[in-house]
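Residue numbers (UniProt numbering), protein chains in the order written: chain A, 1 to 497; chain B, 1 to 467.
A hint or two may mislead.
As the list claims (entries may be wrong) - Each computed SDA-like pair below joins lysine to any residue, with the alpha-carbon atoms no more than 20 Å apart: (1) B:414 - A:29; (2) B:161 - A:28; (3) B:414 - A:161; (4) A:319 - A:59; (5) B:161 - A:397; (6) B:36 - A:31; (7) B:414 - A:31; (8) A:161 - B:14; (9) B:36 - A:297; (10) B:161 - A:411.
Just so you know, these hints were derived from the structure itself, not from any lab.
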Amino acid sequence: MASKLSDAISALICLVALIPYGLLLGTLPQRTFFAIATFTVVLAGYLLWSYYVVEWRPEYESVFSVRGLAVVLVLTAVGVVLLKWVPPSPVAFVHLGALVLFFSYWLVMVIALYHELRAKDEFVPLSSPEPISVLVPAYNEEGYIGGTIEALLATEFPRDKLSIVVVDDGSTDETYEEAAAYESDIVSVVRKENGGKYSALNYGLLFTDDEFIVTVDADSVVHPTALTEIVTPLQTDSTVGAVAGNVKVSNRDSLVTKCQSLEYIFGINIYRRVFDHFGVVPIVPGCLGAYRRDALEAVCAYDPQTLTEDFDTTVKVLKAGYDVRVSKAQVFTEAPDTWKDLYKQRLRWYRGNFMTFLKHFDDLMDTRHRMVHRLWLPLSIVEMFFLPFASWVILGVIVYLLVSGLVAQTIALFAFFTSIVILINVLALKIEGEEFEHILYAPLFVIGYKHFHDAIMVKSLIDVVRDTDMQWTSASRIKQRDQSKPATHTQPETRSD
Amino acid sequence: MTNRDSDERSPPCPACGSSQISPLEIAEHKRCGAVKPLEEFRVESGYECPDCHLDCSTDSLSSVGRGSLVSCADCGKRYDSDVASDDVRDRETSFSRDSLPSFGNGNTRTGDRLTLPVGGRVFRKALTVFLMLFIISSAVVTAVGTAPLLEDQAESSGDWKQYQSVVIFRNDDIQPYYRRAEMEAVDEVFVEEGVPVTQGVIPRNDNESLDPNQQLCQYLRDRATAHPDLFEFALHGYTHEELTSFHSGSEFGGLAYEKQHHRISEGTRTLESCIGERPRTFIPPLDTYDNNTVRALVEANYTVVSGGGWFTNQYYGETRPFETNGLLHVPNSQSFVKNWSTNEFYSERAIERRFDRAYQNQSLYMQMLHYPTFTDESKLETLRGVIEHMKSKEGVRFMTVGSFAEKYQSGELKRVDDGWLVWEESDSSTTTLSDRVDGWMHEIGEKVSSTVRVTEPDVRLLKQEVN
Numbered sequence: 001m002a003s004k005l006s007d008a009i010s011a012l013i014c015l016v017a018l019i020p021y022g023l024l025l026g027t028l029p030q031r032t033f034f035a036i037a038t039f040t041v042v043l044a045g046y047l048l049w050s051y052y053v054v055e056w057r058p059e060y061e062s063v064f065s066v067r068g069l070a071v072v073l074v075l076t077a078v079g080v081v082l083l084k085w086v087p088p089s090p091v092a093f094v095h096l097g098a099l100v101l102f103f104s105y106w107l108v109m110v111i112a113l114y115h116e117l118r119a120k121d122e123f124v125p126l127s128s129p130e131p132i133s134v135l136v137p138a139y140n141e142e143g144y145i146g147g148t149i150e151a152l153l154a155t156e157f158p159r160d161k162l163s164i165v166v167v168d169d170g171s172t173d174e175t176y177e178e179a180a181a182y183e184s185d186i187v188s189v190v191r192k193e194n195g196g197k198y199s200a201l202n203y204g205l206l207f208t209d210d211e212f213i214v215t216v217d218a219d220s221v222v223h224p225t226a227l228t229e230i231v232t233p234l235q236t237d238s239t240v241g242a243v244a245g246n247v248k249v250s251n252r253d254s255l256v257t258k259c260q261s262l263e264y265i266f267g268i269n270i271y272r273r274v275f276d277h278f279g280v281v282p283i284v285p286g287c288l289g290a291y292r293r294d295a296l297e298a299v300c301a302y303d304p305q306t307l308t309e310d311f312d313t314t315v316k317v318l319k320a321g322y323d324v325r326v327s328k329a330q331v332f333t334e335a336p337d338t339w340k341d342l343y344k345q346r347l348r349w350y351r352g353n354f355m356t357f358l359k360h361f362d363d364l365m366d367t368r369h370r371m372v373h374r375l376w377l378p379l380s381i382v383e384m385f386f387l388p389f390a391s392w393v394i395l396g397v398i399v400y401l402l403v404s405g406l407v408a409q410t411i412a413l414f415a416f417f418t419s420i421v422i423l424i425n426v427l428a429l430k431i432e433g434e435e436f437e438h439i440l441y442a443p444l445f446v447i448g449y450k451h452f453h454d455a456i457m458v459k460s461l462i463d464v465v466r467d468t469d470m471q472w473t474s475a476s477r478i479k480q481r482d483q484s485k486p487a488t489h490t491q492p493e494t495r496s497d
Numbered sequence: 001m002t003n004r005d006s007d008e009r010s011p012p013c014p015a016c017g018s019s020q021i022s023p024l025e026i027a028e029h030k031r032c033g034a035v036k037p038l039e040e041f042r043v044e045s046g047y048e049c050p051d052c053h054l055d056c057s058t059d060s061l062s063s064v065g066r067g068s069l070v071s072c073a074d075c076g077k078r079y080d081s082d083v084a085s086d087d088v089r090d091r092e093t094s095f096s097r098d099s100l101p102s103f104g105n106g107n108t109r110t111g112d113r114l115t116l117p118v119g120g121r122v123f124r125k126a127l128t129v130f131l132m133l134f135i136i137s138s139a140v141v142t143a144v145g146t147a148p149l150l151e152d153q154a155e156s157s158g159d160w161k162q163y164q165s166v167v168i169f170r171n172d173d174i175q176p177y178y179r180r181a182e183m184e185a186v187d188e189v190f191v192e193e194g195v196p197v198t199q200g201v202i203p204r205n206d207n208e209s210l211d212p213n214q215q216l217c218q219y220l221r222d223r224a225t226a227h228p229d230l231f232e233f234a235l236h237g238y239t240h241e242e243l244t245s246f247h248s249g250s251e252f253g254g255l256a257y258e259k260q261h262h263r264i265s266e267g268t269r270t271l272e273s274c275i276g277e278r279p280r281t282f283i284p285p286l287d288t289y290d291n292n293t294v295r296a297l298v299e300a301n302y303t304v305v306s307g308g309g310w311f312t313n314q315y316y317g318e319t320r321p322f323e324t325n326g327l328l329h330v331p332n333s334q335s336f337v338k339n340w341s342t343n344e345f346y347s348e349r350a351i352e353r354r355f356d357r358a359y360q361n362q363s364l365y366m367q368m369l370h371y372p373t374f375t376d377e378s379k380l381e382t383l384r385g386v387i388e389h390m391k392s393k394e395g396v397r398f399m400t401v402g403s404f405a406e407k408y409q410s411g412e413l414k415r416v417d418d419g420w421l422v423w424e425e426s427d428s429s430t431t432t433l434s435d436r437v438d439g440w441m442h443e444i445g446e447k448v449s450s451t452v453r454v455t456e457p458d459v460r461l462l463k464q465e466v467n
């Protein structure tokens, strides 16, 4: 009964979101409305066709694929210009694209809700699960690694089927000693020369025999049910090659960490659910992920070519034909607590994301990659190459309004768009059972926090294009920062941020 | 290969208890990231990566293992046989680096880093410049306000402006041979003040229709030519006679449709020949008309009729602008004349108070006047005073009946909660993005409030204005 009521409230949130959308539609000029409707019809047709082809008629997989979509979109753009629905200016199309995406958010909400309702009973844990190995790569994780191991040992997963391998990647602090204190029949600790996270993970694989591999960052703490939950899809569905965990921020005590907490909740519960619906979750996070060993070996495990080995490996698993899914398995991680540290962390993430995207772009244009090609690829292009620029154009308008003295109007405009973001985040918080006070930070996802990230993303793209000599940039750790130890190393190699 | 005697130094396998323990050497192929036991790299000719199959004899292999790595020959388990101790970090790996063909720097983190799949240095630089230019140009284009983020009218240049009140002056009874000096004096006030006015012209008077060659028509045409934005000429009945007792007297109300149609057609033809263009606004004499009038006006392609507010309230139950039967009705609010027998005016202050109430209510205010009643300079001063008072208020838009109707019917004029939105064609560079947003936000507010608001009865507004 309570569950049905909760589902009904979630559905109500989706319906309430239609009000601001309706208001926005009503205020748009008729020509703009026609242009948006035309593009929406094209995109909806593409999605429906893609679903039909992938699920029912794979022999048509090369028909109206991403290339075809690009051609149709260009023709549509020409058409709306000729019809004088949109002025022939690049900025006008940025505006139009942003509006189309803005409206598509509602569809994202609906899919996320549908996924939540459908996925509740999709995977049932085995009464006697298969053995698993947990890899914990660690570099200078003193003060953290012990807690990570203890949390793994405290999980509900049967101890006789659990093996934990901690890989000390040439730490220069007491990481090894801290981890070695837990050595037992379950926990083994091995060391290697410092070589990077990919290297540590590949190294750790040599010390495991199990078919199911779980990776956990050395600064992360898993929930007692996490291991069971994250391997269940792998052990019950042979088409699943990898499973992503549900990352939560453990230190929610400042503005920057609370923003990240909401970002994670939204990203995982709304955005990733859409991908999960089609089995093409783009990133299995390093904090907590699980792989089928066959899938990892089929793609030669982890590569050194990018700065984001988790994203790179996930894409390889997807390319190998496996589904990648999400799990409710929770893992708590320490988020950067200063803007400077967050900048460092995201600089690495976004640079790595661009590197990974470019690395696999040619392969992903192959229509045989099904939904990875038809859904994941175009959405990634939009997310990585369009939105960061579009948001700055829109910010320019906001600044212009403020400079013009239209403070009240700017606030009204801001409130209007914020209402949509708030409703989407309310749905995410409700699905996740998180506290609604997070909503206080939702406005920063319209202006402020979002632009901070978009600026880093633009810089990252320029860095990758310029072929800058990119170093591994990672955030400092709160516990280690307080120890005021003299720095003995300059290249943190396996930081698990 | 190894320099370690496993039989002497390694404890039995913790998994199976076997003593068949062998030292384990692990190497990484930095090119592709493969990490394998060194044995797996060995081929007859030297070393080859089992993953990427590149020859490693001349390529870099790195020893990556630390501690005392061993493997069990019986069960295959691999593990570090060292026990954590204080000196564990000082120990060296157990095998000789010299045994490997070549070792790279163990601290090289990402090996062969990814580069763009296409293009060389020039291409990358060009792409970088493009990205930079795109960002900068986007910001500049946006900042100068040409970004169509909030574009309302893609083709025409103009912007929404918000006004608190719309004011229309309606000057009735324009006719030949009657108090010409007063007519010109009143017109001159509007010219001097730059305020538009709708002139209600009577096309036939004393059994004589307007002649295009007579002085009045020439005068009206000259006015229109000299001040095209200030003067609108409307058909003010046909003969301006009280032919029926319809609502205390009317030239049209109560007449048969055919008769009304004839009078309107004749009047229109006459006025068109006089002023050189077909009128679109009809002002019924005595402020009264009926549905047959409306039907005849629609037939004659009129777009708007302006009667009395008191009459439309009685006949249609409306005092604000409204549309019925294909015609826009814009009732007048106030006359200058208090006593028609003596032509006494309301005091300037009284008229201003009525305007002020309409202004407070964000209403349309139509001031009716009859030029023949402006018989002395003091009355002209009253007119000037009223106009000045209106102009002293912020957000007042002066219009003619015809321009009001044109904008209203084309969607370029909208009633919103706190006034009026008017789409203004830009005639200079003064329009800004802020004006667009202003209009846009009011539209949003209007739509929100219209969903929850109970519409105020029109009669209430009339009572406020009358009182």
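Verification of the hints:
no.: 1; hint: B:414 - A:29; result: holds, 14 Å
no.: 2; hint: B:161 - A:28; result: holds, 16 Å
no.: 3; hint: B:414 - A:161; result: violated, 73 Å
no.: 4; hint: A:319 - A:59; result: holds, 19 Å
no.: 5; hint: B:161 - A:397; result: holds, 19 Å
no.: 6; hint: B:36 - A:31; result: violated, 62 Å
no.: 7; hint: B:414 - A:31; result: holds, 19 Å
no.: 8; hint: A:161 - B:14; result: holds, 16 Å
no.: 9; hint: B:36 - A:297; result: holds, 12 Å
no.: 10; hint: B:161 - A:411; result: holds, 19 Å
Violated hints, listed in ascending order, are 3 and 6; each of the other numbered hints is respected by the structure.
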